[in-house]
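> Taken in order, these protein sequences are the chains called A and B.
If you number the first sequence the way numbering that gives the first Met the number 0 does, the last residue is 377 and the count never jumps.
If you number the second sequence the way numbering that gives the first Met the number 0 does, the last residue is 377 and the count never jumps.
Honestly, the hints are just simulated from the structure, not real lab data.
Remember, predicted model here, so these are calculated numbers, not experimental data.
Mixed in with the good hints, there may be bad ones.
For chains that are exact copies, the list does not tell them apart, and a pair is met inside one copy or across any two.
Stated by the list, open to error - With a cut-off of at most 30 Å between alpha-carbon atoms, the simulated DSBU-like pairs for lysine-lysine come out as follows:
no.: 1; residue 1: Lys-74; residue 2: Lys-160
no.: 2; residue 1: Lys-75; residue 2: Lys-305
no.: 3; residue 1: Lys-349; residue 2: Lys-194
no.: 4; residue 1: Lys-113; residue 2: Lys-322
no.: 5; residue 1: Lys-163; residue 2: Lys-74
no.: 6; residue 1: Lys-74; residue 2: Lys-322
no.: 7; residue 1: Lys-179; residue 2: Lys-305
no.: 8; residue 1: Lys-305; residue 2: Lys-106
no.: 9; residue 1: Lys-2; residue 2: Lys-74
no.: 10; residue 1: Lys-179; residue 2: Lys-322
no.: 11; residue 1: Lys-322; residue 2: Lys-106
no.: 12; residue 1: Lys-194; residue 2: Lys-160
no.: 13; residue 1: Lys-305; residue 2: Lys-349
no.: 14; residue 1: Lys-75; residue 2: Lys-322
no.: 15; residue 1: Lys-2; residue 2: Lys-113
no.: 16; residue 1: Lys-81; residue 2: Lys-292
no.: 17; residue 1: Lys-113; residue 2: Lys-160
no.: 18; residue 1: Lys-74; residue 2: Lys-292
no.: 19; residue 1: Lys-106; residue 2: Lys-349
no.: 20; residue 1: Lys-349; residue 2: Lys-81
2 protein chains.
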Amino acid sequence: MFKYTLEAVCPQTGARAGRFSTPHGHVETPVFMPVGTQATLKSVPHRPFLLEMETQIILANAYHMFLRPGTELVKKAGGLHKFMNWPRPMLTDSGGFQVFSLASLLKVTDEGVKFQSPRDGAYHFISPERAMQIENDLGADIMMAFDECLPADADYARTAKSIKRTFQWAERCQAAHARKDDQALFGIVQGGMFKDLREQSAAEITSLDFPGYAIGGLSVGETMDQMHEVLSWTAHLLPANKPRYLMGVGTPIDLLKSVATGIDMFDCVIPTRVGRHGQAMGLNDRVILNNAKNREDFGPLFDHCKCHTCQNYTRAYIRHLFKAGEQLAGTLVSIHNIYFLVDLMRQARKAILDGRYGDFLTECGVAYQPLTDSVAGV
Amino acid sequence: MFKYTLEAVCPQTGARAGRFSTPHGHVETPVFMPVGTQATLKSVPHRPFLLEMETQIILANAYHMFLRPGTELVKKAGGLHKFMNWPRPMLTDSGGFQVFSLASLLKVTDEGVKFQSPRDGAYHFISPERAMQIENDLGADIMMAFDECLPADADYARTAKSIKRTFQWAERCQAAHARKDDQALFGIVQGGMFKDLREQSAAEITSLDFPGYAIGGLSVGETMDQMHEVLSWTAHLLPANKPRYLMGVGTPIDLLKSVATGIDMFDCVIPTRVGRHGQAMGLNDRVILNNAKNREDFGPLFDHCKCHTCQNYTRAYIRHLFKAGEQLAGTLVSIHNIYFLVDLMRQARKAILDGRYGDFLTECGVAYQPLTDSVAGV
Numbered sequence: 000m001f002k003y004t005l006e007a008v009c010p011q012t013g014a015r016a017g018r019f020s021t022p023h024g025h026v027e028t029p030v031f032m033p034v035g036t037q038a039t040l041k042s043v044p045h046r047p048f049l050l051e052m053e054t055q056i057i058l059a060n061a062y063h064m065f066l067r068p069g070t071e072l073v074k075k076a077g078g079l080h081k082f083m084n085w086p087r088p089m090l091t092d093s094g095g096f097q098v099f100s101l102a103s104l105l106k107v108t109d110e111g112v113k114f115q116s117p118r119d120g121a122y123h124f125i126s127p128e129r130a131m132q133i134e135n136d137l138g139a140d141i142m143m144a145f146d147e148c149l150p151a152d153a154d155y156a157r158t159a160k161s162i163k164r165t166f167q168w169a170e171r172c173q174a175a176h177a178r179k180d181d182q183a184l185f186g187i188v189q190g191g192m193f194k195d196l197r198e199q200s201a202a203e204i205t206s207l208d209f210p211g212y213a214i215g216g217l218s219v220g221e222t223m224d225q226m227h228e229v230l231s232w233t234a235h236l237l238p239a240n241k242p243r244y245l246m247g248v249g250t251p252i253d254l255l256k257s258v259a260t261g262i263d264m265f266d267c268v269i270p271t272r273v274g275r276h277g278q279a280m281g282l283n284d285r286v287i288l289n290n291a292k293n294r295e296d297f298g299p300l301f302d303h304c305k306c307h308t309c310q311n312y313t314r315a316y317i318r319h320l321f322k323a324g325e326q327l328a329g330t331l332v333s334i335h336n337i338y339f340l341v342d343l344m345r346q347a348r349k350a351i352l353d354g355r356y357g358d359f360l361t362e363c364g365v366a367y368q369p370l371t372d373s374v375a376g377v
Numbered sequence: 000m001f002k003y004t005l006e007a008v009c010p011q012t013g014a015r016a017g018r019f020s021t022p023h024g025h026v027e028t029p030v031f032m033p034v035g036t037q038a039t040l041k042s043v044p045h046r047p048f049l050l051e052m053e054t055q056i057i058l059a060n061a062y063h064m065f066l067r068p069g070t071e072l073v074k075k076a077g078g079l080h081k082f083m084n085w086p087r088p089m090l091t092d093s094g095g096f097q098v099f100s101l102a103s104l105l106k107v108t109d110e111g112v113k114f115q116s117p118r119d120g121a122y123h124f125i126s127p128e129r130a131m132q133i134e135n136d137l138g139a140d141i142m143m144a145f146d147e148c149l150p151a152d153a154d155y156a157r158t159a160k161s162i163k164r165t166f167q168w169a170e171r172c173q174a175a176h177a178r179k180d181d182q183a184l185f186g187i188v189q190g191g192m193f194k195d196l197r198e199q200s201a202a203e204i205t206s207l208d209f210p211g212y213a214i215g216g217l218s219v220g221e222t223m224d225q226m227h228e229v230l231s232w233t234a235h236l237l238p239a240n241k242p243r244y245l246m247g248v249g250t251p252i253d254l255l256k257s258v259a260t261g262i263d264m265f266d267c268v269i270p271t272r273v274g275r276h277g278q279a280m281g282l283n284d285r286v287i288l289n290n291a292k293n294r295e296d297f298g299p300l301f302d303h304c305k306c307h308t309c310q311n312y313t314r315a316y317i318r319h320l321f322k323a324g325e326q327l328a329g330t331l332v333s334i335h336n337i338y339f340l341v342d343l344m345r346q347a348r349k350a351i352l353d354g355r356y357g358d359f360l361t362e363c364g365v366a367y368q369p370l371t372d373s374v375a376g377v
């Protein structure tokens, strides 16, 4: 049931506008996906706030749902959509990233990963087959293959070995995926900071003909320049007729630059994380609510912003809420931040459809160089 | 601009239906007022949740707003309605109760109260005149007189002395109140657990012809039986053509019983306080989300409840949110609890208008004895 349509490629850049359909409706790209780690967004009630701001798709974490409340319970509830009452498309990651970054790793073999839960010390084993079972139980519209995630400083030899394992795991994921009619499985390209390994991984993973592809292993500690260099090697190697998802990214500027290389989908916890700490996101700046200058500022977080927060509340009020330690503080700023990224991608899409994404980047203060046809990935 | 109309008195009990108008709209009674302590409800975004559940009026705390962010700031914002963007009626207490219960009291004289802020140790002095200035700055539709609040175990001599002071302060509040056209000042009857002192205080305070009256000094540690005994002495002494407000009460059963004695208005922090701790309120019972039996319960908190939470989420999901320590947990249960009390008063009002509030009490499982005419206060 998953179907992607490439609608336009901006002639000024490699930016793409597209759409894909899922059992829970269609998604227009480029798109930012807010992260609902534990079947809820931190600080933001998804009803009504995410629905009202026209969030098209959210991400949930298989790893977290596996540990708590357990995927069997979610399956009994009728899947994650029903469990949390989210009516629109949803994507689950495989848990790979979290297993490698959050848990106590005990043993990684070609078979899978044995780890200890950081919460209660319980032992768990996740293989590609187990990851597919978990994601099938959760029932998201898009699920991610189980891959090996290395730190940004992994050396060449280790990375070369790892992409081989990630490829084998991708094959096993594809074989084990039991709900191909309902759920689209995306493959993940790895390869660290090494151009030839990225190329090799892209060739291997795309040979499996997944309905969509992600670029993994970024936003793990490398510099912004490194990330965009890897992207410039990799994005155009992914087939033009499939959606391209850059995992775990990022800041507004990261999103805008990545769209120019042909990326379609993003997720990141930044908007709620910095929102809870009183930072309201703008394109190149942040409003720090704690700053004294906001004490008597009866204007919105950002002029002209159409989000629920900026339409209803002042900086002075939100600052008071932070000072008073009230929950609504983090809620309001997180709402603004999520809206900001969701809306930024809406604006990007419009600019692409109008054939002027390069101009849009310039208006946003982002330098860009027109890309060659091959890099644009058309 | 404040105007109260008594619409009906139930022939089976002393229960009253009425309405009052304010600069921010009218309020139908009996009514439950959720408490927005620090210009926000704990856990519940007032937009949209309180608006959607048709909360008619909320309460804010002058004491808390005085300490943080300071009433001068709120005044600059255009008053508390504008500061927190609440478009409907609002009531502020005078801070009396909080000064006597939360702050470090340094000296109480006929002039006023000197106290230290528990937050930063700063010294403050509040007199009736200062309290009126604070409440005038906040600009709520209803403001409360500054009174002396004693503990429930205060003896006769101390209470007798105190009601004298409360009366003198009420007179001074009335004289100092600078915005009589915009804001209705309610007097507060005290008198502890002593019938003759309650009668004396009621006679004194009502002699000042306030547009409404509150019964204070209850819900401070006395038993439920004591509280309802005091109410039975006091409620009918308040003029029938003015609204009657029982401060700081209470549980669903307390509300229902109090309405039967002729009370029109209530406020209490119970719904958000117990909500944050995972207790969903029913008439005579509470759902404890933490209980294991809710783990796989895919039904709502309460069958047939029309609140946002019960219409959208299951016990299993909300329990998961509590287990995961997610903010949405307390939000959802608090929404249910507030709705429950707001709606309970709506149902009570309908029963009163239908002349069957006694039957309604029976249906709710509350024993009642038909009251005499004098007690009914008609």
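> As a check of your reading, is Lys-2 near Lys-113 (CA-CA no more than 30 Å) within one copy, between copies, both or neither?
neither (35 Å within a copy, 71 Å between copies)
> Using 30 Å as the alpha-carbon threshold, which applies to Lys-305 and Lys-106: within, between, both, or neither?
neither (49 Å within a copy, 50 Å between copies)
> Regarding Lys-179 and Lys-305, is the shortest C-alpha distance of 30 Å or less found within a copy, between copies, in both, or in neither?
For Lys-179 and Lys-305, the Cα distance exceeds 30 Å both inside one copy (39 Å) and across copies (38 Å).
> Taking 30 Å as the upper bound on the Cα-Cα distance, should Lys-75 and Lys-322 be classified as within, between, both, or neither?
between (42 Å within a copy, 18 Å between copies)
> With 30 Å as the alpha-carbon cut-off, assign the pair Lys-349 and Lys-81 to within, between, both or neither.
Intra 32 Å, inter 36 Å, cutoff 30 Å: neither.
> Please sort Lys-2 with Lys-74 into within, between, both or neither, judging by C-alpha distance up to 30 Å.
For Lys-2 and Lys-74, only the intra-copy Cα distance (25 Å) is at most 30 Å; the inter-copy one is 56 Å.
> One pair to classify: Lys-74 and Lys-292, alpha carbons no more than 30 Å apart. Within, between, both, or neither?
This pair counts as between: shortest inter-copy Cα distance 18 Å, intra-copy 50 Å.
> Pop the pair Lys-305 and Lys-349 into one bin, within, between, both or neither, using alpha-carbon distances up to 30 Å.
This pair counts as within: shortest intra-copy Cα distance 17 Å, inter-copy 40 Å.
> How would you label the pair Lys-106, Lys-349 (within, between, both, or neither) given a Cα cut-off of 30 Å?
neither (47 Å within a copy, 66 Å between copies)
> Between Lys-322 and Lys-106, at a C-alpha cutoff of 30 Å, which is it: within one copy, between copies, both, or neither?
between (45 Å within a copy, 29 Å between copies)
> Should Lys-81 paired with Lys-292 be assigned to within, between, both, or neither, using CA atoms and 30 Å as the limit?
between (44 Å within a copy, 20 Å between copies)
> Using 30 Å as the alpha carbon limit, work out where Lys-113 and Lys-160 are close: within a copy, between copies, both or neither.
within (19 Å within a copy, 73 Å between copies)
Violated hints, in rising order: 1, 3, 5, 7, 8, 10, 15, 19 and 20; the structure is consistent with all others.
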